[in-house]
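Engineer: Quick note on the numbering used here: the sequence shown kicks off at 255 and runs consecutively.
Please keep in mind that the hints were generated in silico from the structure rather than gathered at the bench. For every residue, glycine included, the Cβ atom is placed at its ideal position computed from N, Cα and C. Everything hinted at is true.
Computed spacing ranges between beta-carbons, pair by pair:
hint: 1; residue 1: Pro310; residue 2: Thr330; range: 22 to 32 angstroms
hint: 2; residue 1: Gln487; residue 2: Leu293; range: 22 to 32 angstroms
hint: 3; residue 1: Glu448; residue 2: Ala275; range: 26 to 36 angstroms
hint: 4; residue 1: Gly464; residue 2: Leu293; range: 45 to 55 angstroms
hint: 5; residue 1: Lys473; residue 2: Thr330; range: 27 to 37 angstroms
hint: 6; residue 1: Asp384; residue 2: Asp505; range: 26 to 36 angstroms
hint: 7; residue 1: Gly464; residue 2: Gly309; range: 56 to 66 angstroms
hint: 8; residue 1: Leu474; residue 2: Arg375; range: 24 to 34 angstroms
hint: 9; residue 1: Ala275; residue 2: Tyr297; range: 33 to 43 angstroms
hint: 10; residue 1: Ala275; residue 2: Thr377; range: 20 to 30 angstroms
hint: 11; residue 1: Arg375; residue 2: Glu462; range: 16 to 26 angstroms
hint: 12; residue 1: Thr377; residue 2: Leu499; range: 11 to 21 angstroms
hint: 13; residue 1: Ala301; residue 2: Gln487; range: 21 to 31 angstroms
hint: 14; residue 1: Val398; residue 2: Asp359; range: 22 to 32 angstroms
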Amino acid sequence: MDLPDDEHLQWAHTELGEPDAFFRISRARFLTKLLLGVLLLLYGVVANYLWWVHGPATFGHFELLLLVFLPLSGATLLLHMYRNRGLYVLIYPTGLLRLRRGEVDSFPWAEIAHIQLKVQRATGAELTYDSDGAPTACWIPVDVPTFKLWDAGLTVLREDGVEANFGSALTDYDQLAEQIQLRTFTALWPRIREQFFAGERLAFGELEIGFAGVRHNGKLLAWREVKEFVISQGKLSIKQTGKWLPWVLVDMASVPNPHVLFALVAEIQHLFAPSQQKPKPSPVKQQDEE
255 MDLPDDEHLQ WAHTELGEPD AFFRISRARF LTKLLLGVLL LLYGVVANYL
305 WWVHGPATFG HFELLLLVFL PLSGATLLLH MYRNRGLYVL IYPTGLLRLR
355 RGEVDSFPWA EIAHIQLKVQ RATGAELTYD SDGAPTACWI PVDVPTFKLW
405 DAGLTVLRED GVEANFGSAL TDYDQLAEQI QLRTFTALWP RIREQFFAGE
455 RLAFGELEIG FAGVRHNGKL LAWREVKEFV ISQGKLSIKQ TGKWLPWVLV
505 DMASVPNPHV LFALVAEIQH LFAPSQQKPK PSPVKQQDEE
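Take these sequences, add in the hints, and give me the full structure.
Structural biologist: Listed below in structure tokens is the structure:
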């Protein structure tokens, strides 16, 4: 649906009512990042001119940082802000609405096939349980980078292949990521859990989860040997009991529905925990619902 730039928000409020949550690109943040990107590019032009024309014209690791990396960071920042200009995100009980430069795209929670998160570090996920100990919600906390906006992001893929990308330039990006995870978890979890306990192997990108354990590139790690799942430097690290190095490292951004994966691992470790011990899923933090 195409609407004039100033009318899509009014249309959403008129047709769908007040959203549960609303996110947009802050004008102050947009202008600040825009100015920073321009300054880094200008710095690159001036620094390279002085270095190669009037300077020693040598090249090494230090020069790579000052003459290439910083200006390139400015260009990447400008590209990131350009792609997110005019973006609004509205959260409703039935789904997500993306408004961008007059275009309106809807993503009903029941029609979202998977989400992907770009996260640099996290010790685990946040979980809530009902009175019977069954997971009711799960989300992975995300950081909002001050400068490296490309280090964070969230992708939502609809079942028909339509995709939406949301960056950390949005105001309250961490809350947006939490909201999307919470609501997609409610839609995805019952089916995923049922498939697992029906004996199916479930694929999460390069990883495969089954009763026997975790599989990656033909290797199997039994559940009794799984120590924890953690996120470090943008990688999902699966640690093995009694080993110093990770059993496998996987690019976090390539793992579909990581919040569902962490909840499933918690449930499995609960299942495989020794009966004489009180099971405490190691890769997640547990919270009781109020």
